[in-house]
Structure formats: C-alpha cells, structure tokens
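Chain Z is already provided as a structure; the job is to place chains B and F on it using the hints.
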Amino acid sequence: MLAPGFADPVHDAQAAFRAVMDALARPGRIRPLDPGLTPPLPLTPELAAVALALIDADTPVWLDAALAAAPDVAAYLRFHTGAPLTDDPARAAFALVREPARCPPLGRFAPGTPAYPDTSTTLVLALDTIAPGAGLHLTGPGIAGSARMALTPLPPGFVGQLAENRAAFPLGIDLILTAPGQVAGLPRSTIVTEA
Amino acid sequence: MTTNPRDPESGGDGAARRAVMALCAEASRTDLEAALSALDSPASADLRPPETGLVMATGRIGGDGRPFNLGEVSVTRAAIRLADGPAGFAYHLGRDRTKARLAAILDALWQDPARRARVEAALEPAARRVEASRAQAARRTAATRVDFLTLARGED
Amino acid sequence: MYVAVKGGEAAIDNAHRLLAETRRGDPSVPELSVAQIRAQMALLVDRVMTEGSLYDPDLAALALKQARGDVVEAVFLVRAYRTTLPRFGASVPLETGAMAVERRISATFKDLPGGQVLGPTFDYTHRLIDFALAAEGEVEPAAEAEPRADAGICPRVTDLLAQDGLIEPSPPDDGAPAGDLTREPVDYPADRALRLQALARGDEGFILSLGYATQRGYGRTHPFVGEIRVGEVAVEFVPEELGFAVPLGRVRLTECQMVNQFKGSRAAPPQFTRGYGLSFGQCERKAMAMALVDRALRAEELGEPVASPAQDQEFVLSHCDSLQATGFVEHLKLPHYVDFQAELELVRRLRAEFEQASESVEMQEAAE
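Chains as they are written, first to last, in our numbering: chain Z, 1003 to 1197; chain B, 609 to 764; chain F, 3 to 370.
Because the hints were derived from the structure by calculation, they are not lab data. The beta carbon of each residue, even a glycine, is placed where N, CA and C say it ideally should be. Possibly wrong hints are sitting among the right ones.
[To be verified] Okay, derived cross-link-like pairs now, DMTMM-like style, lysine to aspartate or glutamate, Cα gap no bigger than 25 Å in a straight line: (1) Lys265(F) x Asp672(B); (2) Lys67(F) x Asp704(B); (3) Lys67(F) x Asp323(F); (4) Lys265(F) x Asp193(F); (5) Lys112(F) x Glu641(B); (6) Lys112(F) x Asp704(B).
[As the list claims (entries may be wrong)] Listing some non-contacts, in silico: residues in chain B with all C-beta distances to chain Z over 10 Å: (7) Leu644; (8) Pro650; (9) Ala687; (10) Ala695; (11) Gln719; (12) Pro721; (13) Ser741; (14) Ala751; (15) Val754.
Just chain Z, with the same shape it has in the complex:
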C-alpha cells in the first residue's frame, strides 16, 4: 500500500529544500522541518521530506540496514523519486541512515573527485535529538565565531572521522542531520571537535 508524498508537491518540496539549504549555510543553526508526511516505517517524516525534495532518477541512493530491510521503504522511494537504489556506498549520491549509531565509516562513501567535488555522497541521518548550545564544538564558514550542537546517537569515532573528512577538503562528504521536526547541517567545510 503506497503512502502518499507531499500534499502540495511544489511548495512542500520548496520548503524542505529551503530548510536544508539554510541548515547547510549556517552549520549549528537548527531549522524546523515539519513536512506532514507519513512514510512507511522505519523511514521518518524528516528523512522522507529530504528524500522527496532532493532525490530523483539521476541520484543513486544507499539505504542503511534498517531501511533496506523494509521493502515498503524502497517501493516508496522508487515511486515518489524514481531513484535507483545501490548497495555500494561509494556509488551513492545520497545515503539515508535510520540508525546513525550503526553508520558505516564516512570514508566508505564517495568523496567526490578533484574535477567534480560535488559528486560526493550526501548523508542524511535520522537522529533522536539535535540540541543547541551543548555537545560538539563547531567552527568554520557560515558560523559566527563558534556553535555547539549535541547529537544523539552517534557512531563511535565520529568526530575523528569528521576530522579526516575535513582534511580532505574540497573533497569529502556532507551531512544533513534530521531529528523529529528539525533539520541541521554539517557541510564538509565545518571543523568539528569534542570540546
């Protein structure tokens, strides 16, 4: 039974796009994202909104184990976005991660190429919480001074992986972070430390 997509495809997709764009432009600032979607579990409404707004027939998608285990999720994404699914994280334009604690090492995804750094994978994580003012320390483009963001759950060694990712700039992956009703961004240009 196929669940419906955006009620108003044009405006809802634009709103989701705008929220993601603002989140990536100002890392550390958390944007509201309330798409009014009821996608098949375990896909979250926020993951679905980002997928419907950004993914299409030209962008191969990698699903983590939790999402890949539910055939309805693949059917929903194929129907609404036409996206081809891939098993290989290194060939994915987008990676949808329902269980961030089990996220594969960032190095396994596509880092882009020197001629086309933008062809890297964009990871979209479904976190339990994103809280401002505490947790990881962020500096870099788009951040006035510094910012703090607490994310749960995270995989072990995440900050170390982000440091490696940052060192590869301009190559590297970008992260779209979602939580219930929220979206935040960690582009490859942000420097992330524990304290």
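What follows is chains B and F alone, placed relative to chain Z:
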C-alpha cells in the same frame, strides 16, 4: 538511466493490460470521459497528483544498434487508488492531466477481474475509432505505393 | 564587460505591447489558431520539435505563434519550457523497424518487400506556385487503395545488404546508457551516440550545408540513400513503480539510412559503411543531412584523414546548435558602451599618431 529490475507482468494478463493502456493513450479525453460515465466507478484518491514531465526518447544507431538520446517527449502521468480497490496508473504523451487521471481510474477498474469486461466494453467505441482511422491511413498510404510497370520491348 | 543600464523599463513595456499588436496584425484578418499552425504548418512544427528537442506538437505550434514564425525564437521558447519539467526517465529504445510506414523509399533498390511508398511528398511536384491555394477551397479527398499483402512489412534495406555481409553492422548495444549532452557538457572526442544527439537537435541549415559540402568533395563519402522511412512509432517507458514497459502513445519520426563508401583492409573484405539520421516529425532533409554528417564525422574511426570542416567534430558540434549560435551572435546587441569607448579612444590616439608621423615625413620632404 538505470531502472531497478522487477518481475515483468506475467504473459497474457500483462499484454492485455498494456493493450488497454495503449488504447487509452491513443484515445481522446472525451473518449475516456464517455467510457467512465458508462461505468459506475467508486471514488478515487490521488496517490500522486497528475504531473507533466519528460521522457528522453532514445533511438538506436543504424536503427538497430547502440542507443543514443534523440530528444525528449512530454509525458503526463497519474496514479490513483480506488476507494475499494487497486491502484491505477497512466502514462501518456502530452500535457493533459485530466485525461491521465481518467486513464488511471480506468486502469484501476480494469485490474479488477469482475469489472474488466465492462471496462473493455465501455472503451469499445474509442477502439473502433482508433482502428478506423488507422485503416484509412493505411489505405491512403497504399494508394501511393509505386506499381513499377515493365515496358515490354516489342518489335514494332 | 556589460554595462547595467537603467531607465528602459517604460520603453521595454511599451515594446512588448507593440510586439503583441504587431504579432496580431490587422484585426480584420482572422487570428491564427494553434490548431491551424499544428495542422497546416506541420513541417515547421516538426522542425521546432526536432531542434527544440521536445516532441509536443501543440507546444511547438504555440511557440511558433508567439515567435511570429521565427524558428530559432520558437526553439528558444520550447527549450526554456522544457527546463521547467521533471524528467521521468529514458524510453525503451524506439523500434523504427516496427514503424507504421506512411512513406518509404530507397534509392539503392527498386523492388523491395513492402514496396516504394511515396506518401505525402513534395518530391514530384513541379514547384510552380499554386495560386488556387490563395483562395480557400475544398480539398479533394486523398485516393485510397487496398493495402497489398506485404504492406507494412518493411524490412530494412540495410538488413537486406547485411544478409550477404555487404554492409557493416550497427555498433552493438552493450547495455551502457548513452551519454546525454543536456546533462554533461560535451568532452572531445565525443562518441558517436553523443554526436548523433547533437546533430539531431542541431540547426537544419547548418547541417544541410555541411552535408552538401561532403558531396562536393569536402570529405566525400560517396553516399546512396539506402532507405528513408516516415511514420509513427510506439514509445514505451518502464516506470519504477510498475516494472513493465508502459505504452505512452506514438510519435512520428523520419529515419534515413545512408549507404556509403565501402571500406576494407588486409584482414577484412570490403563492406559498405553507413550514416544514420533520425528526426521528429517529417524532417526528411534534416534526417538525410544528419546521416551525411554522421558518416563524415566517423572519418577518424574509419581511418580516413580529417581534412574538411564536416569531418571535424569539434567544429561541427560546437557550432551546430542554433540556440547557442544565436545566443552569442545576438548578445552583440547588448550594451558594449564601455568596451566601445575604449576602442574609440584607441583608434583616435592611433590616428593622431599616424597624422603626426605623416606630418613630420611631409616636413622632411619639404625641407629636402
């Protein structure tokens, strides 16, 4: 473009469904409105609002070789779900969203074996019209086929 | 360097209003309808679809009305509209072998299965202007005849030659998707599929002239029309959610197979080589020219020297798109005031220097 391979529609049923889809694509909006009004269709909800987009038409080099991208065709698609039944789909050339939605409803109705015969009967007039126009085109084309006469060389 | 110029808004608004009125013309003359353009200027519509690279006859007809009949302007409108639509995917490759033939001719063989079928063509008209057309009148209905038993069974002429190995086969389909120059910019050398895409959407006049040039010796390929066929072909598409090929309807296409100079080597006996052209609608001249240029651009592949423009793929592909061409040519109308001021000053200074130089020569000569 890669597509995810799925089980193709099984033989007879699949071919018949495609034939009805082809007829709806060829028919006019008025044809489909007439067909639907002859059937008592339950309410239908949009699975995805009808939308117009593009399909890249691919030719083959030499007519039978490796594909190349010829140019896009405008296509309108609709997906509905009947209140009491299956999902119906339609994909047509052109930009007529209303027509695509009507065809999607007919597709959903057709998939119900109990309703199938009535749907096909309701589409009969459209089928006859399409067939008649094809036959006429074929006859007109046939009149322009060259009949080479071999001039007899005679002893005059 | 472009100068931002203000103050033209009122003039521009008025220019648009004048354009709309001029487009309409004398109100006592009946207005052209899109349906009339679509049906009665069909070949123009076909050309706009082919070069606009979008098969939608009503849209092309509307674009022509809006563009006051200017083909490149209409192509511009169609291409711009196309950018607003999402792409669902690629069709199943079109099967021209299964075409419902409206016209099918061959210059290489007289007798063919399926026959020589003339269809609606200007080829045998005497090109005398028909003043009777100026008075709208009834048109005689077309003649009809019973289709022969083998009507519609039109095997390819190239297949007939291939049976005896006389002609090279088409490059095989290895399953890899074709490149798309609307997604990635062209990188040279471009493969044949990408070249055909560029030629298909290229300007008919430019490609016609290049094809003509090859016939006059600028990259001669010794062509024969193996076959031209015009007719409707079914288009199918496999949607992700259905997983089977859905018939979308039928499009009219023109296909041209050129049979060209044969080629052999020490290792292989000679075979005819081929050129291929395909267009939307009944764009026959375009399909033929495209096939001539397709063959010419294969010069390197076939070990022929690249000596003339039609064989130079960078020259052909960079310049065949009418929109790109008109974009750069027509941009010259934009204000270039500052650039030109610089030119004016330079030329005045050089003239002053020239005058001084010739004055001093004169004075010297006078002194002598």
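- Query: Looking back at the numbered hints, which does the structure fail to meet, lowest number first?
  - Reply: 5, 6, 9 and 10
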